Amino acid sequence: MKKVVRLCCSSTRRKTEEEMPNPTRFELGGGGLPPINLSGAGKRILQLGILVVLLIVLMASTTSIPTGNVGVLTLFGRVTGETLAEGIHLVNPLKSVQKLSIQTQAVKESASVPSNEGLMLALDTSLLFHLDKSKAAEVYQLVGADYADKIVEPMLRSEIRASTSAHTANALYTNARELVQQQIQDSLTKQLAPHGVIVENVLLRDVQLPAMLKGSIEAKQQAEQDALRMNFILQKEKQEAERKRIEAQGIADFQKIVATGISAQLLEWKGIEATEKLATSANAKVVVIGNPKNGLPLVLEPK
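Each residue of the sequence shown is one higher than the one before, starting from 1 at the first, in my numbering.
Source of the hints: derived by calculation from the structure; they are not laboratory data.
Note that the coordinates shown come from a computational prediction; the quantities given were computed from them, not determined experimentally.
Glycine included, every Cβ here is placed at the ideal spot set by N, Cα and C.
Don't take each hint at face value.
Listed next, with one range per pair, are the computed distances between beta-carbon atoms [claimed, not checked]: (1) Arg205 / Ile88: 39 to 49 Å; (2) Ile45 / Phe76: 31 to 41 Å; (3) Glu153 / Leu48: 51 to 61 Å; (4) Thr168 / Arg205: 12 to 22 Å; (5) Arg229 / Gln103: 45 to 55 Å; (6) Lys133 / Asp226: 53 to 63 Å; (7) Thr189 / Leu54: 43 to 53 Å; (8) Glu138 / Lys108: 25 to 35 Å; (9) Leu54 / Val79: 22 to 32 Å; (10) Ala171 / Phe254: 48 to 58 Å; (11) Ala193 / Ala106: 31 to 41 Å; (12) Leu48 / Ser126: 54 to 64 Å; (13) Lys108 / Lys133: 38 to 48 Å.
Start from the sequences and build out the full structure, keeping to the hints where you can.
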C-alpha cells in the first residue's frame with residue numbers, strides 16, 4: 001500500500017512540471033540554499049530595486065560645495081586632511097563633508113579700554129578677515145568651525161587693550177587713531193596667521209572719551225585753531241605792510257628820478273607841443289597863448 005502512494009505522488013509531480021512553462025532559475029548562491037525561480041514580473045521588480053539602490057548610493061556619494069566655501073572631509077568623526085574646492089564632487093558615502101566659508105568675514109568689537117593715563121575709553125573696532133583655504137582642514141581639526149569665536153575675537157580684544165594703553169587719551173582722540181589701527185592690524189596678522197586666519201584690515205570706527213575730558217580737548221583744539229588763525233592774519237598783515245612799503249619806496253624813487261630830469265626848457269617844450277595839439281583839435285574854440293608864468297596855454301571855450 002505504501003509503494004502505491006509513493007508512485008502516485010511521483011507521477012503527479014512529473015506531470016505538473018511538464019505542464020508548467022520552463023521558469024527562470026536564479027540561485028542566490030551555494031551553501032545548501034535552494035534556487036529561486038523568478039517569473040518575468042519578479043525579474044523586473046528585482047532590476048528596479050537594484051536601480052533604486054544604485055541611485056541612493058550615487059546621491060549619497062555626491063556633494064556640492066557652494067561658492068566661497070571649502071569642504072573638509074571626515075571619516076567616522078576623524079578629519080582625513082582632504083579638502084574639496086567649489087563645485088560638485090563624488091565622495092565616499094561613508095565620509096562626511098564639513099563646509100567652511102573662505103569669504104571675507106567681519107568681527108565687530110565694542111570695548112572699554114584704558115589709556116596711558118588710566119582713563120577709560122570706549123572703542124568701536126572692526127576686523128576683516130578670511131580663512132586660509134590651505135589650512136581649512138587643520139583649523140577644523142584643531143579649533144573647529146567656530147574658530148572666529150574661539151581665537152579671533154579674544155585676540156582682537158587683547159590687542160586693542162595692548163595698543164591703546166601705550167597712548168594718551170588726547171592722542172587717541174586726535175592724531176593717533178591711524179597709528180593704533182595699524183599697530184592692531186600688524187600684531188593680529190602675526191598672531192592669527194599660524195592659526196589659518198588671514199587678516200585683511202582693522203578699522204577703528206569710533207573713540208568715545210569721558211564727557212569732561214572730551215570738552216577740554218575740544219576747547220584746547222578750538223584755542224589752537226584760533227591761535228593758528230590769528231598767526232595767519234598777522235602774517236598776512238605783515239606781508240601787506242611790506243608790500244605797501246615797497247610800493248611807496250618805488251613811487252618815491254620814481255618821483256626823485258623824474259624830478260631830477262625835468263628842466264624849464266623841457267616844460268616849455270612840452271607846453272608848445274600841447275598848444276600845437278590844441279590848435280589843431282576840432283574841439284578847441286579859442287586858444288590864448290602867452291602865459292608869462294609857466295608858458296602853458298590858456299584854453300577858453302565860449303558858451
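- Could you see if the CB distance from Ala171 to Phe254 stays within 48 to 58 Å? holds (57 Å)
- C-beta pair Lys108, Lys133: status relative to the range 38 to 48 Å that was hinted: At roughly 24 Å between Cβ atoms, Lys133 and Lys108 fall outside 38 to 48 Å, so the hint is violated.
- Task: Could you see if the CB distance from Arg229 to Gln103 stays within 45 to 55 Å?
- Result: holds (49 Å)
- Task: For the range 31 to 41 Å, tell me whether the beta carbons of Ala193 and Ala106 fit it or not.
- Result: Hint violated: Cβ distance 19 Å, outside 31 to 41 Å.
- At the C-beta level, are Glu138 and Lys108 separated by a distance inside 25 to 35 Å? Holds, at about 27 Å.
- Query: Is 51 to 61 Å right for how far apart the beta carbons of Glu153 and Leu48 are?
  - Reply: Given about 54 Å between the Cβ atoms, the range holds.
- Query: Do the Cβ positions of Ile45 and Phe76 conform to the proposed distance bound of 31 to 41 Å?
  - Reply: holds (35 Å)
- Query: Taking 22 to 32 Å as the hint, is the beta-carbon distance of Leu54 and Val79 inside that range?
  - Reply: holds (29 Å)
- 53 to 63 Å as the expected CB spacing between Asp226 and Lys133, which holds or is violated: With Cβ atoms ~56 Å apart, the hint holds.
- Query: Has the hinted range 39 to 49 Å been met by the Cβ atoms of Arg205 and Ile88?
  - Reply: holds (41 Å)
- Item | Range hint 43 to 53 Å (beta carbons of Thr189 and Leu54) holds or violated | Since Thr189 and Leu54 have Cβ atoms about 50 Å apart, the given range 43 to 53 Å holds.
- Message: A range of 54 to 64 Å was offered for this pair. Does it hold for the Cβ distance of Leu48 and Ser126?
- Response: Because 58 Å falls inside the window, the suggested range holds.
Against the hints set out earlier in the document, violations occur for numbers 11, 13.
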